[in-house]
Amino acid sequence: MDKFRHYRLEDFLFDDEFKDWVLNDGKLSGSIWEEVLSHFPEKSSDLEKAALLIREWKQIPSALTDEQMHADIRNILNDSEKREKSGRRSRMEFLRYAAAAVLGLSLAGFLLYQRYPSSPATKPEAQLMEDRIEIANQEGVDKELNLPDGSFVKLSPGSVISYRVGFAKANERSVMLEGKAYFEVVRDTLRPFQVLSGELTTRVLGTRFTVQSGEDNISVTVSSGKVAVASSGEEAENVVLYPNQTVVYKPSEKSLTKVLAREPVVLDPEELKGAFAFDEEPVADILRALEKAYGIPIRFDEPSLRNCQVTLPFREEPFYQKLEVLCRTIKASYKITGQEVVIESAGCD
Amino acid sequence: MDKRDNDIWDAFRQGDREAFELLLLRYYRALFDYGLRFQPDPDQLRDDLHDLMISLWERRAFLQPTEHLKLYLFKALRHQIFRGKQRLASSESLNAELADTLEVNDWNASEEDEQIRTLHIQKVMRRLTRRQQEILHLRFFEDLTHAEIAELLNISRPAVANLLYTALKAFRSLWKGEFFPLLLFLMTQ
Chain F
1 MDKFRHYRLE
11 DFLFDDEFKD
21 WVLNDGKLSG
31 SIWEEVLSHF
41 PEKSSDLEKA
51 ALLIREWKQI
61 PSALTDEQMH
71 ADIRNILNDS
81 EKREKSGRRS
91 RMEFLRYAAA
101 AVLGLSLAGF
111 LLYQRYPSSP
121 ATKPEAQLME
131 DRIEIANQEG
141 VDKELNLPDG
151 SFVKLSPGSV
161 ISYRVGFAKA
171 NERSVMLEGK
181 AYFEVVRDTL
191 RPFQVLSGEL
201 TTRVLGTRFT
211 VQSGEDNISV
221 TVSSGKVAVA
231 SSGEEAENVV
241 LYPNQTVVYK
251 PSEKSLTKVL
261 AREPVVLDPE
271 ELKGAFAFDE
281 EPVADILRAL
291 EKAYGIPIRF
301 DEPSLRNCQV
311 TLPFREEPFY
321 QKLEVLCRTI
331 KASYKITGQE
341 VVIESAGCD
Chain D
350 MDKRDNDIWD
360 AFRQGDREAF
370 ELLLLRYYRA
380 LFDYGLRFQP
390 DPDQLRDDLH
400 DLMISLWERR
410 AFLQPTEHLK
420 LYLFKALRHQ
430 IFRGKQRLAS
440 SESLNAELAD
450 TLEVNDWNAS
460 EEDEQIRTLH
470 IQKVMRRLTR
480 RQQEILHLRF
490 FEDLTHAEIA
500 ELLNISRPAV
510 ANLLYTALKA
520 FRSLWKGEFF
530 PLLLFLMTQ
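Which chain is which? The protein sequence lines are F and D, in order.
Going by the numbering used here, the residue at position 225 of the first sequence is 225; the numbering climbs one at a time, nothing skipped.
Going by the numbering used here, the residue at position 135 of the second sequence is 484; the numbering climbs one at a time, nothing skipped.
Be aware that one or more of the hints could be misleading.
Only pairs whose alpha carbons sit at most 27 Å apart, straight line, appear in this in silico BS3-like list of lysine-lysine [unchecked claim]:
| hint | chain 1 | residue 1 | chain 2 | residue 2 |
| --- | --- | --- | --- | --- |
| 1 | F | 85 | F | 49 |
| 2 | F | 331 | D | 472 |
| 3 | F | 58 | D | 525 |
| 4 | F | 292 | D | 518 |
| 5 | D | 419 | F | 169 |
| 6 | D | 525 | F | 226 |
| 7 | F | 49 | D | 424 |
Since the hints were made in silico from the structure, they are not lab data.
Note that the structure is predicted; figures quoted are calculated from it, not measured.
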């Protein structure tokens, strides 16, 4: 513990344990950093700045635009083909290259078909159907896979995903899903990504979300980024979803309903940073911070809460638990109407 | 190592073009953002990247399996760039040093705040030496361990620790000047 006595900003940043702790969600309670702060409370400013920096660093945007990246990749691929073609005409030694060396575009399709055997003798999971590739998860655990564009999918047991052979090159990247899957979609503004599940189409640019189709409803929940969800048919509706929102589609009613996610995640940890020092704060300020931290609207009647003050540190409890504790403290209650939280209170006089 | 990386690399070495494309889609951007740390001229960097990828593809039958694909590619890029730099006339390399363009990718509006904060990090970074920028990028953006950085830069682990610590001290003293205006900005939101 003594070594932390002389810790300054650069020491926190240098410390591997600190960095890993920040990046794995930074829960203060139970961590050594809580102890450090209780021994040396004057370090809290440097500690928080270091945590902020570490998180911010990860968010630094790329210096490369999508267009430029795709153009460069196309150039590389084209150039490599050109060289091989011209090399072939003048050199017989090409035979020395590995047997699977590409002999030209016309054979690329053939190699692809070879990789997915049509007879289900050994691995029946990936089959070639017409010009689609279908992957089913027949195991009891999540199945992780990559789509041709680099996107990542976690397919739940019993679920099936399929896409066309020319997936990554088409104007839109489109997959069909039966069951449940979690997606991390590679950002590509030139080629929107869409998931078709039953009558629902979910469209994204690059983001993380979960689609789940069940017996009597289909739901989509967004973890990060934003997503447009549309139902098809005569009464087609559409809706834009942000993080911590879920949309539930009922085919029987053809209705799209937006609700709050069952387990909201903190979107802006910065807002709760001061939560370690909630000392006789007016509850209205705390509610506003909570709203910004989770991106979930919280409505309350400010005048009636005027005299309510709270001294409680938020730690890492789930969103609804924070609400409950807060309400109990000021003898209020909350309810969820649509996608908002509404606080009802008789006041604190 | 990531099982997906394993498959991609194996397929690439066997001449699978789809794997080549997948490899590029997965790593081109990271290579570019890393390469900028020591090759600030983006056009020259893209040429280097192009040459590197072509060369890897042409040599694919002779490449070995690797434990950490991204690290391997980073090393290859460094090698490619520094080999090229040795051939540069001194006036050209001076131009390369002066060139300092940064295109900020435009994400959606709600991330504006984050953009502003990270612009501050980038502003401070640009005032550090090339080497310092590189090591901070490897540690905080790419999340490499000391051991991985040592392997990549071909220096010892204590040397990495030294470099990193000096870079952090330099960063901190430049950052303090930037931070207070930033704090005021955040508080008025």
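Hints, verified against the model:
1. 85(F) with 49(F): The hint is violated at about 56 Å.
2. 331(F) with 472(D): violated, 48 Å
3. 58(F) with 525(D): holds, 20 Å
4. 292(F) with 518(D): It is violated: about 33 Å lies between the C-alpha atoms, which goes past 27 Å.
5. 419(D) with 169(F): Judged against 27 Å, a Cα distance of about 25 Å means the pair holds.
6. 525(D) with 226(F): Given pair residue 525(D), residue 226(F) is violated - Cα atoms ~35 Å apart, limit 27 Å.
7. 49(F) with 424(D): violated, 32 Å
Going down the numbered hints, you'll see the structure goes against 1, 2, 4, 6, 7, while the others check out.
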